[in-house]
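Build the full structure now, drawing on both the sequences and the hints.
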Amino acid sequence: MTTSTATVTTVTKEKSVVDKWMQVAGLPTALIAFVFLLTMPTPAGLLLQGKAAIAVFFSIFILWVTQSLPTYLTSLIAIVLLVMTGAWSEKQALGVFGLDVMWVMLMAFFITSGMEKSGFAKRLALWIISKFGHTAKSALATLAITNLILAFLVPSTTARATLMLPISLLILKVYKAVPGESNFGRQLVIQQLQFNNISTTGILTATSPQIMAVGLIKDLTGANVTWMDWFAASFPVAVLTVLASLFIGSFLFKSEVKAPPLEDGQQPSDAKKEFRDQYNQLGRLSPNEIKALIIFALTVFLWATDGHHYAIFGMQISLVLVTLISGILFFMPYIGIAKWKDAKVPWDLILFSVGAYSVGLALDASGGASFILNSIFGSLNLASLGFFKLYVIVTFIAMFSHLVFTSKTVRTIILIPTIIGIAKTAGVNPVALALPASFTIADVITLPPHSKPNLIFYSTGYFSVLNQFTYGMLVLLVKWILLVIASLTWFKYLGIC
Amino acid sequence: MKKLINCITYLIVILSFTITSAASAAAATDALKAGQILNYMETFTPSEKNDATLTVYVEGISNKAGEIYVFISKAGMTPIDMKVQRGNVTASNGKPGKIGSSSYLIYKTSSPEEKYAMELTFNCSDFYKGSAYKPDTGVSGQVSLKYKIANTQSYNIVNYKVRIYLAKGREYSLVSSPKKNYILGKDSQSGLRYLEYGLAGSAAKPAFKQAMEVSINAVHGTPVKGVSAVILWLAAIGLGVTFFILEYKKVFKTP
Numbered sequence: 001m002t003t004s005t006a007t008v009t010t011v012t013k014e015k016s017v018v019d020k021w022m023q024v025a026g027l028p029t030a031l032i033a034f035v036f037l038l039t040m041p042t043p044a045g046l047l048l049q050g051k052a053a054i055a056v057f058f059s060i061f062i063l064w065v066t067q068s069l070p071t072y073l074t075s076l077i078a079i080v081l082l083v084m085t086g087a088w089s090e091k092q093a094l095g096v097f098g099l100d101v102m103w104v105m106l107m108a109f110f111i112t113s114g115m116e117k118s119g120f121a122k123r124l125a126l127w128i129i130s131k132f133g134h135t136a137k138s139a140l141a142t143l144a145i146t147n148l149i150l151a152f153l154v155p156s157t158t159a160r161a162t163l164m165l166p167i168s169l170l171i172l173k174v175y176k177a178v179p180g181e182s183n184f185g186r187q188l189v190i191q192q193l194q195f196n197n198i199s200t201t202g203i204l205t206a207t208s209p210q211i212m213a214v215g216l217i218k219d220l221t222g223a224n225v226t227w228m229d230w231f232a233a234s235f236p237v238a239v240l241t242v243l244a245s246l247f248i249g250s251f252l253f254k255s256e257v258k259a260p261p262l263e264d265g266q267q268p269s270d271a272k273k274e275f276r277d278q279y280n281q282l283g284r285l286s287p288n289e290i291k292a293l294i295i296f297a298l299t300v301f302l303w304a305t306d307g308h309h310y311a312i313f314g315m316q317i318s319l320v321l322v323t324l325i326s327g328i329l330f331f332m333p334y335i336g337i338a339k340w341k342d343a344k345v346p347w348d349l350i351l352f353s354v355g356a357y358s359v360g361l362a363l364d365a366s367g368g369a370s371f372i373l374n375s376i377f378g379s380l381n382l383a384s385l386g387f388f389k390l391y392v393i394v395t396f397i398a399m400f401s402h403l404v405f406t407s408k409t410v411r412t413i414i415l416i417p418t419i420i421g422i423a424k425t426a427g428v429n430p431v432a433l434a435l436p437a438s439f440t441i442a443d444v445i446t447l448p449p450h451s452k453p454n455l456i457f458y459s460t461g462y463f464s465v466l467n468q469f470t471y472g473m474l475v476l477l478v479k480w481i482l483l484v485i486a487s488l489t490w491f492k493y494l495g496i497c
Numbered sequence: 498m499k500k501l502i503n504c505i506t507y508l509i510v511i512l513s514f515t516i517t518s519a520a521s522a523a524a525a526t527d528a529l530k531a532g533q534i535l536n537y538m539e540t541f542t543p544s545e546k547n548d549a550t551l552t553v554y555v556e557g558i559s560n561k562a563g564e565i566y567v568f569i570s571k572a573g574m575t576p577i578d579m580k581v582q583r584g585n586v587t588a589s590n591g592k593p594g595k596i597g598s599s600s601y602l603i604y605k606t607s608s609p610e611e612k613y614a615m616e617l618t619f620n621c622s623d624f625y626k627g628s629a630y631k632p633d634t635g636v637s638g639q640v641s642l643k644y645k646i647a648n649t650q651s652y653n654i655v656n657y658k659v660r661i662y663l664a665k666g667r668e669y670s671l672v673s674s675p676k677k678n679y680i681l682g683k684d685s686q687s688g689l690r691y692l693e694y695g696l697a698g699s700a701a702k703p704a705f706k707q708a709m710e711v712s713i714n715a716v717h718g719t720p721v722k723g724v725s726a727v728i729l730w731l732a733a734i735g736l737g738v739t740f741f742i743l744e745y746k747k748v749f750k751t752p
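Residue numbers (the working numbering), protein chains in the order written: chain A, 1 to 497; chain B, 498 to 752.
Since the hints were derived computationally from the structure, they do not count as laboratory data. Worth double-checking, as some hints may not be accurate.
[To be verified] List time: in silico BS3-like cross-link candidates among lysine-lysine, alpha-carbon distance up to 25 Å:
| hint | chain 1 | residue 1 | chain 2 | residue 2 |
| --- | --- | --- | --- | --- |
| 1 | B | 631 | A | 91 |
| 2 | A | 15 | B | 626 |
| 3 | B | 746 | A | 15 |
| 4 | A | 91 | B | 612 |
| 5 | A | 344 | A | 173 |
| 6 | B | 631 | B | 530 |
| 7 | A | 20 | B | 747 |
| 8 | A | 91 | A | 218 |
| 9 | A | 20 | B | 746 |
| 10 | A | 273 | A | 173 |
| 11 | A | 258 | A | 389 |
| 12 | A | 218 | B | 676 |
| 13 | A | 131 | A | 15 |
| 14 | B | 677 | A | 424 |
| 15 | B | 546 | B | 595 |
| 16 | B | 592 | B | 605 |
| 17 | A | 91 | B | 702 |
| 18 | A | 20 | B | 750 |
| 19 | B | 658 | B | 676 |
| 20 | B | 677 | A | 218 |
| 21 | A | 273 | A | 137 |
| 22 | A | 273 | A | 122 |
| 23 | A | 91 | B | 676 |
| 24 | B | 645 | B | 595 |
| 25 | B | 530 | A | 218 |
| 26 | B | 702 | B | 631 |
| 27 | A | 91 | A | 176 |
| 28 | B | 722 | B | 747 |
| 29 | B | 530 | B | 658 |
| 30 | B | 643 | B | 631 |
| 31 | A | 15 | B | 605 |
| 32 | A | 20 | A | 131 |
| 33 | B | 643 | B | 677 |
| 34 | B | 645 | B | 626 |
| 35 | B | 643 | B | 612 |
| 36 | B | 612 | B | 592 |
| 37 | B | 702 | A | 424 |
| 38 | A | 15 | A | 122 |
Shown next, in the form of structure tokens:
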């Protein structure tokens with residue numbers, strides 16, 4: 001793949017014994033899982049299409065995690081299997097290449113290439129590093145705060161990911177982090193997608209499925225949850241989760257760098273001064289940087305004013321169109337900066353994204369995902385439990401149900417009414433269960449196809465599916481514990497529980 | 498004295514609950530207008546070849562002329578049996594009749610506006626024949642199944658339900674209509690798979706409104722089993738073992 005760090009010398013890392021065994025046993029295990037699931041008697045309540053989608057999903061999941069085959073190849077196999085088993089039609093599976101998420105990903109790399117070529121991204125990265133990020137830890141903390149602030153300004157997870165991508169890559173370039181090799185790179189990039197999604201959970205309007213959840217709660221219980229109610233309850237949990245993520249990341253992927261490595265052998269203590277000097281040496285903004293700044297500012301403006309386009313322009317410009325316009329401007333003769341040869345597009349990872357997204361969407365569309373969720377709820381006899389036990393189990397299921405759902409909207413539609421139904425049967429306050437469960441809707445940080453930001457950051461090649469999965473599961477476990485603690489303290493104080 | 502007052506209070510509460518429950522249960526049918534249907538349930542079960550046995554359960558109040566209209570929801574419906582469970586219903590085969598362009602089988606109660614409940618059995622020829630479902634690529638042997646019923650009655654139906662069983666060994670493969678709220682199940686005795694879709698309302702707010710239609714559009718097929726399953730298992734084991742040996746040599750034995 002090609003990224004901004006491609007010029008850095010690659011250091012080959014020896015695979016661990018576990019990694020080697022996973023590589024050897026991955027494909028045989030996936031094959032057995034696939035045939036077992038496909039040939040088992042279909043449970044009542046599941047379509048043949050759903051059974052096939054579940055078989056493809058689990059076998060492909062094994063291949064992603066074990067990396068027995070290259071991920072792009074796994075995704076191509078997934079598309080073929082989906083169609084041949086009847087899990088999804090050929091038209092639908094191949095049509096994923098035309099979905100907005102693929103265009104946004106493509107354009108994110110066009111924008112990144114343009115920003116890099118102009119030199120403005122380097123200036124921005126140097127400024128952030130010299131001011132706040134002269135150590136690896138402070139760089140990560142700065143990006144965490146930036147994500148939390150951006151969640152208020154740009155009401156789209158995808159737009160925020162596209163915005164943070166060039167900055168993250170340039171910071172990694174300064175730190176000489178090699179994709180797939182650098183632990184600092186792993187930490188930083190996975191954290192971008194985690195911070196993006198987790199900060200979304202703190203703000204009701206940051207993603208539409210959360211608004212839908214509040215609507216469902218109102219329709220089914222009559223309770224009205226305001227923006228401020230949501231913010232007061234969920235934002236502190238989101239901030240604590242971000243802090244936990246920073247801690248877990250530093251523990252899980254011990255960074256090989258404490259400060260940006262310097263060219264002339266200076267000590268890391270000189271780093272702050274060195275990068276300030278480097279930043280000062282850039283001098284005044286060049287014409288290309290000014291162009292990049294204007295295009296970038298225009299892009300951010302269009303994303304941030306998403307809800308007011310009709311009032312401003314008399315028409316709506318969708319998020320994907322904004323990224324297309326931005327990409328066009330960066331590559332437009334006279335206006336832009338870059339040419340085709342400058343476009344660094346990681347096609348292997350885009351192919352991976354197409355396959356991964358197809359599997360996720362097929363699982364949703366075939367009813368496979370809802371079948372798994374309903375089976376879990378049905379097998380637990382939840383209505384017989386007391387409130388606390390019920391809360392613990394329901395928030396756990398709500399949190400981790402995203403593993404089988406690609407669409408947050410579909411998950412919300414299935415999850416919230418089910419939880420309200422269980423609460424009513426158990427005779428507990430439905431809002432006390434449904435609202436905290438709604439706080440987990442955007443916690444989609446464990447696998448690449450679960451959200452657009454995940455796909456965008458996965459495309460950098462800095463981390464594997466297993467890296468994201470392990471890190472994401474740990475962070476979500478912490479968030480779940482935080483939600484349980486909140487139910488006994490903060491949520492009680494607010495009158496939710 | 499205090500105990501006695503408590504006992505009387507409890508008794509009054511229990512009594513009022515009992516009366517309210519009984520009254521609301523009676524109100525469900527009493528609130529029906531003349532000619533209205535409370536429950537209309539259709540069940541299609543495979544019989545010979547591609548035919549289906551359709552069982553229709555109808556419960557409601559006949560109209561002012563004492564008539565009950567039963568939908569001819571599928572061409573070639575032949576009455577087989579009728580079991581009256583409530584009321585005095587005559588004309589065991591139903592008299593074909595029309596209202597506008599809509600055809601019905603008309604049954605009669607002995608008196609106008611009479612409460613009734615009956616179960617009718619029909620033979621529906623070629624109900625399961627459908628058409629072969631052939632996607633561009635994918636599984637063969639799948640059949641499209643389409644069923645549509647439109648409420649052309651002059652009144653709304655409170656509750657409507659349709660259940661379509663498939664022949665033994667066949668399973669629903671995909672359902673394109675309805676998009677949601679359908680149930681897939683398996684009869685514990687016969688082992689037959691079914692798809693059920695229902696509209697539930699109240700006498701004040703009937704669910705199956707006039708001019709509304711219910712459309713079932715599904716595909717059914719057979720799961721991978723028998724020889725196909727054995728071939729698949731052999732291929733998976735063969736491929737898996739080959740890959741394991743080759744990859745093991747590459748990963749662990751290559752210096």
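Notebook entry, point to check: Are residue 643/B and residue 612/B close enough, with their CA atoms no more than 25 Å apart?
Noted result: violated, 33 Å
Note to self: Tell me if the straight-line CA distance from residue 643/B to residue 631/B falls inside 25 Å.
What the structure shows: Cα-Cα ~15 Å, so holds.
Check: Do the alpha carbons of residue 546/B and residue 595/B lie within 25 Å of each other, as the hint requires?
Finding: violated, 31 Å
Next item on the list: Decide if the proposed pair is consistent with the structure: residue 91/A and residue 612/B, CA atoms, cutoff 25 Å inclusive.
Entry: violated, 52 Å
Item checked: 25 Å Cα cutoff - pair residue 15/A, residue 605/B -> violated, 82 Å
Checklist line | Pair hint outcome, residue 530/B versus residue 658/B [Cα-Cα no greater than 25 Å] | finding: With Cα atoms ~20 Å apart, residue 530/B and residue 658/B stay inside 25 Å; holds.
Notebook entry, point to check: For the pair supplied as a hint, residue 658/B and residue 676/B, is the alpha-carbon distance within the 25 Å limit?
Noted result: Answer holds: residue 658/B to residue 676/B is near 16 Å, not above 25 Å.
Notebook entry, point to check: Given the hint that residue 20/A pairs with residue 746/B, does the C-alpha gap stay at or below 25 Å?
Noted result: holds, 11 Å
Item checked: Holds or violated: residue 702/B to residue 631/B, with C-alpha atoms at most 25 Å apart -> violated, 41 Å
Notebook entry, point to check: Do the alpha carbons of residue 592/B and residue 605/B lie within 25 Å of each other, as the hint requires?
Noted result: holds, 9 Å
Notebook entry, point to check: When you check the alpha-carbon spacing of residue 15/A and residue 122/A, does it fall within 25 Å?
Noted result: violated, 33 Å
Margin query: Against the 25 Å threshold, does the CA-CA distance of residue 273/A and residue 173/A hold or violate the hint?
Written below: It holds: about 18 Å lies between the C-alpha atoms, which stays within 25 Å.
Hint violations for this structure: numbers 2, 4, 6, 8, 11, 13, 15, 17, 25, 26, 27, 28, 31, 32, 35, 38, all remaining hints satisfied.
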